[in-house]
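Just need the whole structure built from these sequences, with the hints factored in.
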Amino acid sequence: MTDARPAGVRPQPPSRAPRNVGLVAASLLVLWAALTLDIDPAEILELPGGVSRLFYEMFLERGPDWTYLDDALEGMLESLQIAWVGTVIGAALSLPLGFFGAKNVSSGLVSTVVRQLLNAIRAFPEIVLAIAIFIPIAGLGPVAGALAVGLHSVGTLGKLSAEVIEGIDPGPVEAARAAGGRTLQIQRWGVLPQVLPEIIAFWLYRFEINIRAAAVLGVVGAGGIGFQLQQTIAFQRYALAGTAILVVVGATIAVDTVSGWLRRRIIEGTGARVTGEVVEQPELAEVRAA
Amino acid sequence: MSLPAATRSVRPAKPRPSLAVPIGLVLFVAISWASLSEEFGIGLDIGALIEDFTRGAGILGELLTPNWNFLPRTVEPMLETFQIAVVAAVIGCAVALPVAFLASRVTSPNLATFLVDRSLLSVVRAMPDFLYALVFVAAVSIGPLAGVAALVMFNVGVVAKLLSETVDGVDTGPIEAARAGGANRSQTVRWAVLPQVLPNYVAYSLYTFELNIRASAVIGIVGAGGIGNQLFTQYRFFNWSNVSVIVVELFLFVFAIELLSIWLRRRLV
Amino acid sequence: MIRFENASVTYPGGVRALHDLTLEIPDGQMMVVVGLSGAGKSTLIRAINGLVPLTGGDVTIDGVSVRRASPRQLRQLRSRIGMIFQTFNLVKRTTVLNNVLMGRLHSTGTLRSLVGWYRPADVEIAMRALERVNIVEKAYVRASNLSGGQQQRVGIARALAQQPKILLADEPVASLDPPTSHVVMRDLQRINRELGITTVVNLHFLDLAKVYGERIIGLRAGELVYDGTAAQADENVFRDIYGRSLTADDVMGQAAATVAI
Chain G
1 MTDARPAGVR PQPPSRAPRN VGLVAASLLV LWAALTLDID PAEILELPGG VSRLFYEMFL
61 ERGPDWTYLD DALEGMLESL QIAWVGTVIG AALSLPLGFF GAKNVSSGLV STVVRQLLNA
121 IRAFPEIVLA IAIFIPIAGL GPVAGALAVG LHSVGTLGKL SAEVIEGIDP GPVEAARAAG
181 GRTLQIQRWG VLPQVLPEII AFWLYRFEIN IRAAAVLGVV GAGGIGFQLQ QTIAFQRYAL
241 AGTAILVVVG ATIAVDTVSG WLRRRIIEGT GARVTGEVVE QPELAEVRAA
Chain V
1 MSLPAATRSV RPAKPRPSLA VPIGLVLFVA ISWASLSEEF GIGLDIGALI EDFTRGAGIL
61 GELLTPNWNF LPRTVEPMLE TFQIAVVAAV IGCAVALPVA FLASRVTSPN LATFLVDRSL
121 LSVVRAMPDF LYALVFVAAV SIGPLAGVAA LVMFNVGVVA KLLSETVDGV DTGPIEAARA
181 GGANRSQTVR WAVLPQVLPN YVAYSLYTFE LNIRASAVIG IVGAGGIGNQ LFTQYRFFNW
241 SNVSVIVVEL FLFVFAIELL SIWLRRRLV
Chain C
1 MIRFENASVT YPGGVRALHD LTLEIPDGQM MVVVGLSGAG KSTLIRAING LVPLTGGDVT
61 IDGVSVRRAS PRQLRQLRSR IGMIFQTFNL VKRTTVLNNV LMGRLHSTGT LRSLVGWYRP
121 ADVEIAMRAL ERVNIVEKAY VRASNLSGGQ QQRVGIARAL AQQPKILLAD EPVASLDPPT
181 SHVVMRDLQR INRELGITTV VNLHFLDLAK VYGERIIGLR AGELVYDGTA AQADENVFRD
241 IYGRSLTADD VMGQAAATVA I
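Residue numbers (my numbering), protein chains in the order written: chain G, 1 to 290; chain V, 1 to 269; chain C, 1 to 261.
Keep in mind that the hints were calculated from the coordinates and are not lab data. Think of the CB as a built atom: it goes at the ideal place given N, C-alpha and C, for glycine as much as any other residue. Keep in mind that the hints are not guaranteed to be accurate.
Lysine to any residue pairs mimicking SDA-like chemistry, simulated, CA-CA at most 20 Å apart [said to hold, decoys possible]:
hint, chain 1, residue 1, chain 2, residue 2
1, C, 92, V, 202
2, C, 210, C, 165
3, C, 92, V, 20
4, C, 165, C, 74
5, C, 92, V, 198
6, C, 92, V, 190
7, C, 92, V, 169
8, C, 138, G, 12
9, C, 138, G, 10
10, C, 92, V, 26
11, C, 92, V, 265
12, C, 92, V, 64
Covered stretches of chain C, going by a simulated chain V footprint (3 or more residues, C-beta under 8 Å) [said to hold, decoys possible]:
hint, stretch
13, 82-89
14, 108-115
The following block contains the structure:
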């Protein structure tokens with residue numbers, strides 16, 4: 001190939017050392033973790049067999065045993081209610097906290113304190129909150145479960161709401177202030193309309209997650225289908241367990257679908273400036289929020 | 001200054017308000033009331049609750065004073081939690097990569113594969129992590145193997161769904177360029193799609209790792225290894241000061257991972 | 001040689017993007033396609049490498065039918081056809097070199113390409129391609145850090161790395177300012193003359209078409225309405241193609257002579 005112009009100087013490839021060192025270190029860590037785990041390699045080979053056997057007994061042999069359906073549905077309903085109440089509590093409390101935690105709405109000091117408080121609450125999984133706080137207080141049963149779910153949700157939703165509020169377009173707020181609005185009015189008419197669709201989307205998504213969290217709580221006695229799942233499997237009544245599992249999966253998928261559809265409608269319907277990314281991946285906001 | 005005389009234009013009729021919001025509100029109130037009530041729901045009694053709070057104050061006091069002598073006995077289970085979280089996250093995120101590509105219309109080879117993969121993913125996601133733990137404990141035995149297997153399933157569900165949605169939103173220009181140059185499907189995914197989703201993929205993986213640490217509290221309770229077992233035992237014996245030690249450790253762990261995650265992501269973007 | 005034989009593309013809604021097109025493009029020719037948006041320019045170009053499937057007729061390249069090609073044959077055909085795009089279509093997050101190396105994927109085994117372990121010979125070809133468009137010093141720079149004109153040159157390098165016989169350019173300068181447009185068009189012209197690569201370019205601006213096109217094709221509503229040299233294409237011809245009087249939007253306006261080399 002003949003070149004009409006003088007060739008430029010070929011640059012040196014940049015050093016890959018830092019990246020390679022990092023990768024090697026990470027790989028060693030993972031290797032160490034894998035090898036020092038107390039796992040018998042023979043058991044790994046038994047895994048597919050064990051699972052197939054279980055699957056067979058749950059869904060094919062005599063199961064799923066539909067006589068258990070009523071009990072399973074009752075348990076699932078309780079879990080759903082726990083999730084619902086927990087989400088409502090979380091949503092209600094997180095909205096004002098979100099405002100207080102937003103740097104552009106409340107003072108720097110207040111917002112920092114509130115955000116750290118929310119971070120602290122977020123760090124505790126619902127089951128820990130249930131065990132450590134709400135069962136001691138309210139005793140065993142779904143109330144403790146709902147409160148645990150509620151408190152944890154306040155943490156997550158509060159942080160997400162605060163970030164949404166911080167991301168608003170200052171224009172309408174300025175306009176409201178210029179027209180002589182008081183603080184509460186500015187929040188209500190200048191800020192809220194911008195953030196509400198996105199925040200409601202978070203509430204719905206939180207409900208989806210809370211259903212899964214609520215299911216666990218039964219294991220420690222805080223209500224819901226978790227108890228039935230654990231009992232049927234522990235006592236090897238696999239046909240009954242099969243029914244319970246189908247109920248859980250079915251209910252969860254149903255809620256996921258409806259909630260997902262609602263979230264999409266809310267975001268698109270209002271033509272909010274929010275990108276589709278938020279609708280499809282509220283977890284992404286949680287991840288970014290870290 | 002007087003305004004010019006109004007021209008005779010027809011004022012538009014006020015649009016009929018959509019029924020969606022009132023219906024939604026009614027539904028919301030109905031469901032909430034039912035969920036709270038005694039007969040249908042969980043039976044939330046505010047009065048009794050307030051009584052309970054004062055009773056619980058004593059326990060809260062114990063919770064707020066961790067018994068640090070208990071710390072050494074938590075080291076080994078905590079370590080196991082960490083190990084399970086790491087191994088499960090690595091395996092889970094690796095498996096989630098191809099699953100995610102098959103679950104996105106952009107990168108899936110044909111409609112059938114796409115639909116099957118998507119449906120399977122919905123089911124995998126619909127099972128809570130502790131249910132996987134229960135199942136695997138029953139399938140093999142108690143111990144960390146069940147924990148790793150359970151969290152792998154859980155991770156694949158979370159990461160594959162997140163990743164497939166990211167892939168859905170990818171810029172298709174480079175994909176067209178790759179195809180136009182004669183690249184095959186895997187090459188196209190590797191060089192035109194993966195670089196676009198890599199930062200998100202890393203974020204999801206770290207997030208999953210954090211979820212795993214939190215999940216260990218749960219799966220340990222059903223015998224799948226990790227700190228959960230200890231946590232539950234102490235709780236059963238009402239050793240609140242010991243419980244709080246474990247809770248603090250979990251908290252610190254999660255906090256550390258979040259810091260690591262922020263640092264790593266800043267370096268990668 | 002590229003040959004269109006009664007080629008048609010009709011979309012499901014009934015829209016005729018290309019209708020009964022018959023055309024021969026000899027090797028080494030630089031052909032410019034003009035026409036309104038939606039007249040079929042993009043479709044014509046994409047029919048050559050099969051990115052848009054034909055619904056009637058055929059396109060053959062040196063006698064090989066694009067329409068009847070198996071997926072493997074299609075990939076082989078495409079490996080000899082380089083394409084550059086209006087929006088450059090570079091992978092923004094990775095380096096210039098990685099982008100250009102995508103032009104060598106067709107001859108790299110799947111396993112090798114997954115790991116990114118290109119053969120030294122392939123890397124050499126990529127580097128030479130970058131040198132040819134005078135941007136090799138940016139080889140390890142992230143693609144998103146380049147200007148529009150630089151990105152398009154990387155796009156050309158990527159196409160050149162394929163060592164193609166044919167080069168397709170779909171509105172390559174529509175996103176660029178006038179001086180940069182001239183630079184890019186001159187690069188294409190130089191490549192066509194020095195390497196003898198058959199070049200088909202979609203252009204929006206008629207003055208550019210006249211300056212750089214050896215042969216000009218006019219499309220209107222999917223049909224061929226003009227086929228001649230740049231010299232023969234005057235205002236009347238363009239008015240026929242566009243079906244209306246020419247406006248200021250149809251010419252770029254800045255002559256090549258005013259552009260510094």
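Structure-based check of all given hints:
1. 92(C) / 202(V): holds, 18 Å
2. 210(C) / 165(C): violated, 24 Å
3. 92(C) / 20(V): It is violated: about 43 Å lies between the C-alpha atoms, which goes past 20 Å.
4. 165(C) / 74(C): holds, 15 Å
5. 92(C) / 198(V): holds, 12 Å
6. 92(C) / 190(V): Satisfied, since the Cα-Cα distance of roughly 14 Å is no more than 20 Å.
7. 92(C) / 169(V): Answer holds: residue 92(C) to residue 169(V) is near 15 Å, not above 20 Å.
8. 138(C) / 12(G): holds, 10 Å
9. 138(C) / 10(G): holds, 8 Å
10. 92(C) / 26(V): Cα-Cα ~49 Å, so violated.
11. 92(C) / 265(V): Roughly 17 Å between the alpha carbons, so the hint for residue 92(C) and residue 265(V) holds.
12. 92(C) / 64(V): violated, 51 Å
13. 82-89: holds (count 6)
14. 108-115: holds (count 4)
When held up to the earlier numbered hints, the structure conflicts with 2, 3, 10 and 12 and fits the remainder.
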